[in-house]
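Single-letter residue listing:
Protein chains: 2
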Amino acid sequence: MNTLLYTLDGNHPLQQQLVQKLSVRPGRFDFHQFPDGETYLRVYDNCIDKQAIILCSLNQPNNKVMPLLILLNTLRQQGIKRVGLIAPYLAYMRQDKQFNSGEAVSSRYFAELLSNQFDWLVTVDPHLHRYHSLDEIYQLENRALFAAPVIAKWIIQNVSMPLLVGPDNESEQWVAKVAQLANAPYIILTKHRHGDRNVEVSVPEVQRWLQHTPVLVDDIISTGHTMQATIGHLLDKSMSAPVCIGTHGIFADNSYERLMASGAKEIVTSNSILHFSNQIDLSSLIAESVSGLI
Amino acid sequence: MNTLLYTLDGNHPLQQQLVQKLSVRPGRFDFHQFPDGETYLRVYDNCIDKQAIILCSLNQPNNKVMPLLILLNTLRQQGIKRVGLIAPYLAYMRQDKQFNSGEAVSSRYFAELLSNQFDWLVTVDPHLHRYHSLDEIYQLENRALFAAPVIAKWIIQNVSMPLLVGPDNESEQWVAKVAQLANAPYIILTKHRHGDRNVEVSVPEVQRWLQHTPVLVDDIISTGHTMQATIGHLLDKSMSAPVCIGTHGIFADNSYERLMASGAKEIVTSNSILHFSNQIDLSSLIAESVSGLI
Numbered sequence: 000m001n002t003l004l005y006t007l008d009g010n011h012p013l014q015q016q017l018v019q020k021l022s023v024r025p026g027r028f029d030f031h032q033f034p035d036g037e038t039y040l041r042v043y044d045n046c047i048d049k050q051a052i053i054l055c056s057l058n059q060p061n062n063k064v065m066p067l068l069i070l071l072n073t074l075r076q077q078g079i080k081r082v083g084l085i086a087p088y089l090a091y092m093r094q095d096k097q098f099n100s101g102e103a104v105s106s107r108y109f110a111e112l113l114s115n116q117f118d119w120l121v122t123v124d125p126h127l128h129r130y131h132s133l134d135e136i137y138q139l140e141n142r143a144l145f146a147a148p149v150i151a152k153w154i155i156q157n158v159s160m161p162l163l164v165g166p167d168n169e170s171e172q173w174v175a176k177v178a179q180l181a182n183a184p185y186i187i188l189t190k191h192r193h194g195d196r197n198v199e200v201s202v203p204e205v206q207r208w209l210q211h212t213p214v215l216v217d218d219i220i221s222t223g224h225t226m227q228a229t230i231g232h233l234l235d236k237s238m239s240a241p242v243c244i245g246t247h248g249i250f251a252d253n254s255y256e257r258l259m260a261s262g263a264k265e266i267v268t269s270n271s272i273l274h275f276s277n278q279i280d281l282s283s284l285i286a287e288s289v290s291g292l293i
Numbered sequence: 000m001n002t003l004l005y006t007l008d009g010n011h012p013l014q015q016q017l018v019q020k021l022s023v024r025p026g027r028f029d030f031h032q033f034p035d036g037e038t039y040l041r042v043y044d045n046c047i048d049k050q051a052i053i054l055c056s057l058n059q060p061n062n063k064v065m066p067l068l069i070l071l072n073t074l075r076q077q078g079i080k081r082v083g084l085i086a087p088y089l090a091y092m093r094q095d096k097q098f099n100s101g102e103a104v105s106s107r108y109f110a111e112l113l114s115n116q117f118d119w120l121v122t123v124d125p126h127l128h129r130y131h132s133l134d135e136i137y138q139l140e141n142r143a144l145f146a147a148p149v150i151a152k153w154i155i156q157n158v159s160m161p162l163l164v165g166p167d168n169e170s171e172q173w174v175a176k177v178a179q180l181a182n183a184p185y186i187i188l189t190k191h192r193h194g195d196r197n198v199e200v201s202v203p204e205v206q207r208w209l210q211h212t213p214v215l216v217d218d219i220i221s222t223g224h225t226m227q228a229t230i231g232h233l234l235d236k237s238m239s240a241p242v243c244i245g246t247h248g249i250f251a252d253n254s255y256e257r258l259m260a261s262g263a264k265e266i267v268t269s270n271s272i273l274h275f276s277n278q279i280d281l282s283s284l285i286a287e288s289v290s291g292l293i
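So the protein sequences, as listed, match chains W and D. The first sequence lines up with residues 0 to 293 when you count with numbering that gives the first Met the number 0. The second sequence lines up with residues 0 to 293 when you count with numbering that gives the first Met the number 0.
Keep in mind the hints are simulated off the structure, nothing from the lab. Bear in mind that the values here come from a model prediction, so they are computed numbers and not experimental data. Where is the CB? At the ideal position from N, CA and C, for every residue including glycine. You may find that some hints are simply not true.
[Stated by the list, open to error] With a Cα cut of at most 30 Å, we get these calculated DSS-like pairs of lysine-lysine:
| # | chain 1 | residue 1 | chain 2 | residue 2 |
| --- | --- | --- | --- | --- |
| 1 | D | Lys-190 | W | Lys-80 |
| 2 | D | Lys-49 | D | Lys-96 |
| 3 | D | Lys-190 | W | Lys-63 |
| 4 | W | Lys-20 | W | Lys-63 |
| 5 | D | Lys-49 | D | Lys-20 |
| 6 | D | Lys-176 | W | Lys-49 |
| 7 | W | Lys-152 | W | Lys-264 |
| 8 | D | Lys-80 | D | Lys-152 |
| 9 | D | Lys-20 | D | Lys-176 |
| 10 | D | Lys-190 | D | Lys-236 |
| 11 | D | Lys-264 | D | Lys-176 |
| 12 | W | Lys-80 | W | Lys-49 |
| 13 | D | Lys-152 | D | Lys-264 |
| 14 | W | Lys-63 | D | Lys-63 |
| 15 | W | Lys-176 | W | Lys-190 |
| 16 | D | Lys-176 | D | Lys-236 |
| 17 | D | Lys-190 | W | Lys-96 |
| 18 | D | Lys-80 | W | Lys-96 |
| 19 | W | Lys-96 | D | Lys-49 |
| 20 | W | Lys-190 | W | Lys-20 |
| 21 | D | Lys-96 | D | Lys-190 |
[As the list claims (entries may be wrong)] Away from chain D, derived, C-beta distances all over 12 Å, residues of chain W:
| # | residue |
| --- | --- |
| 22 | Glu-102 |
| 23 | Asp-118 |
| 24 | Trp-119 |
| 25 | Glu-135 |
| 26 | Leu-144 |
| 27 | Val-149 |
| 28 | Lys-152 |
| 29 | Asp-167 |
| 30 | His-224 |
| 31 | Asp-252 |
Please construct the entire structure, taking both the sequences and the accompanying hints into account.
The structure is reproduced here in structure tokens:
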């Protein structure tokens, strides 16, 4: 069965490589907004007896949902039998419980919306905080891929004497894994509370690491507040300017500029979301997984 | 059973009147966008054994869909049994067939999305062009209300010697109906084609109507191009500056300013979509219908 790959965010950096690595054809379509804000969309392919992949990173998700559902439904109407979604960045994973009564658990509603419409889903480093697996909320065939190996590979190739740094105990599992894969040491910052407002953050064995390049790794760089604070703590202790790595560079509230101004040596992201900081290519990771689904 | 009315577009002009006329309580909730573009929402009401109405006009629909679905799902999660939607303006009614192969018939997908989630739907003057009834695409209890009587009432009270004017034969049915209800005469402009590019538009019996105030009526004023052309034809024949009435004032592409600049005497809309041209109140019409559904 022939497979067509439709890229909803037009210039997505993964498009061309996925087309090559999966040996699929790029789907041809266009869409635009009518003056009244509705989406017009037209598919130009013969879809009979074909299957489709839609590639769309779901950062800034609200405005993408209607075009995404319209594309999906148009493909089905044109005869496509099976439609999968590659969302290198998956949205609405954070509101995973009611912190206060009456709060929306939007992760569940969003999961239901996509599950009802797509046949399969592939994503990278979804924000699985309280959920252990996408299967807890997504009722469709899915793959949650880990970027840690490709991040580790980038560190090995680009950072001399890397020292992975986790900002708190919660981050240890993830930081330890990247450190192991990069064959590098890691430390976790510790907080000492002196009274209500006085929290001291210390860097363990700081003298031992002064020659290393600190590397901060997170799944998402959104507002970047935690990373920004961590940079401050490291520089306070006279450590070198750290390299900041995020799988997904959301960069809300000008966080790229803020992190650089705070003393980051460099900020690096994967190409899950188009940004000039993209240095880590996810195409092989995604292609390998998707080839088992089409 | 108690009923709560949640207004998604915060300052919707119909909110207060519907709360009074339906004897319901306004629902209390807030929502905002996280820096990453996701919607946070929280409901503050005790929802057990209650039903809910969501009031939301669906102009500029794409950005409203996620907040709408999140509110609906949060209400259900909080125990609401039945949720209806009052969408004074209903979106995605125009793409009702494939004009070209491969085109999205978005009216069907949007109808399916809402039908799967809501228990009932009330709207005013939906753009039923090729569909004869909402039931052709909406699979839920629904009411498509006609604004013609309230528009006619406004004309009677505000326009001296009104003459309803339809821009083409397609408009005759609608124009004739408003004219009859307003107890006013109407004319339909006719086109005479002289060769490929030379189309003359004539006003029938123009001498007879020079003392009248032309009234142009349409369901939606979107880009307003047809209305703008009609104003031009009337002024060309030395008729008075026309009053332009639209049930729904979308006013895309600065059409309000363009229509006024083209010589409209006044532009009047219903309060389906908040705009300073709102002069026609739909609250009684809607309340009467909704009271049969709750």
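Status of the hints after comparison with the structure:
Between D/Lys-190 and W/Lys-80, the direct Cα distance comes to roughly 47 Å. Violation of the 30 Å bound is thereby established for this hinted pair. Of the pairs offered as hints, the one joining D/Lys-49 and D/Lys-96 is violated, with about 39 Å between alpha carbons and a cut-off of 30 Å exceeded. A C-alpha spacing of about 42 Å is found between D/Lys-190 and W/Lys-63, which places the hinted pair above 30 Å, so the restraint is violated. About 26 Å separates the Cα atoms of W/Lys-20 and W/Lys-63, which keeps this hinted pair within 30 Å; it holds.
Only pairs whose Cα atoms come within 30 Å are accepted, and D/Lys-49 paired with D/Lys-20 is accepted, the gap being roughly 18 Å. With a C-alpha separation of about 49 Å, the suggested pairing of D/Lys-176 with W/Lys-49 is violated against the 30 Å cut-off. Proposed proximity of W/Lys-152 and W/Lys-264 is supported: the alpha carbons are some 19 Å apart, at most 30 Å. A threshold of 30 Å between alpha carbons decides the hint, and for D/Lys-80 with D/Lys-152 the separation of about 38 Å lies outside it, so the pair is violated.
Distance hint between D/Lys-20 and D/Lys-176 is fulfilled; the C-alpha atoms sit about 27 Å from each other, no more than 30 Å. Straight-line distance between C-alpha atoms of D/Lys-190 and D/Lys-236 comes to about 14 Å, which keeps the hinted pair within the 30 Å bound. The straight-line distance between the Cα atoms of D/Lys-264 and D/Lys-176 is roughly 23 Å, inside the 30 Å bound, and the hint therefore holds. Taking the CA atoms of W/Lys-80 and W/Lys-49, the gap is near 7 Å; set against the 30 Å cutoff, the hint holds.
Taking the CA atoms of D/Lys-152 and D/Lys-264, the gap is about 19 Å. The hint holds against a cut of 30 Å. About 11 Å separates the Cα atoms of W/Lys-63 and D/Lys-63, which keeps this hinted pair within 30 Å; it holds. A C-alpha spacing of about 22 Å is found between W/Lys-176 and W/Lys-190, which places the hinted pair at or below 30 Å, so the restraint holds. Simply put, D/Lys-176 and D/Lys-236 have alpha-carbon atoms about 25 Å apart, close enough for the 30 Å limit, and the pair holds.
Using a Cα cut-off of 30 Å, the hinted pair D/Lys-190 and W/Lys-96 is violated, with the two alpha carbons roughly 63 Å apart. Note on D/Lys-80 and W/Lys-96: the hinted pairing holds, with a Cα-Cα distance of about 21 Å set against a maximum of 30 Å. Proposed proximity of W/Lys-96 and D/Lys-49 is supported: the alpha carbons are some 23 Å apart, at most 30 Å. A C-alpha spacing of about 46 Å is found between W/Lys-190 and W/Lys-20, which places the hinted pair above 30 Å, so the restraint is violated.
At most 30 Å may separate the alpha-carbon atoms for a hinted pair to count; D/Lys-96 and D/Lys-190 meet this at roughly 26 Å. A beta-carbon of chain D comes within 12 Å of the beta-carbon of W/Glu-102; the shortest separation is about 5 Å. No Cβ of chain D approaches the Cβ of W/Asp-118 within 12 Å, the least distance being about 17 Å, so the stated non-interface status holds. At roughly 20 Å, the least C-beta separation between W/Trp-119 and chain D is larger than 12 Å, which holds for a residue marked as non-interface.
The non-interface label for W/Glu-135 is consistent with chain D: the shortest C-beta to C-beta separation is roughly 16 Å, beyond 12 Å. Residue-level check passed: W/Leu-144 sits 20 Å from the nearest beta carbon of chain D, beyond 12 Å. Even its closest Cβ contact with chain D, about 23 Å, leaves W/Val-149 beyond 12 Å, as expected for a residue assigned away from the interface. The beta carbon of W/Lys-152 sits about 27 Å from the closest Cβ of chain D, which is more than 12 Å, so the claim that it is off the interface holds.
Distance to chain D confirms W/Asp-167 as a non-interface residue, since its nearest Cβ pair spans about 20 Å, more than 12 Å. Against the 12 Å criterion, W/His-224 falls within the reach of chain D, whose nearest CB is about 10 Å from its own CB. Distance to chain D contradicts W/Asp-252 as a non-interface residue, since its nearest Cβ pair spans about 5 Å, not more than 12 Å.
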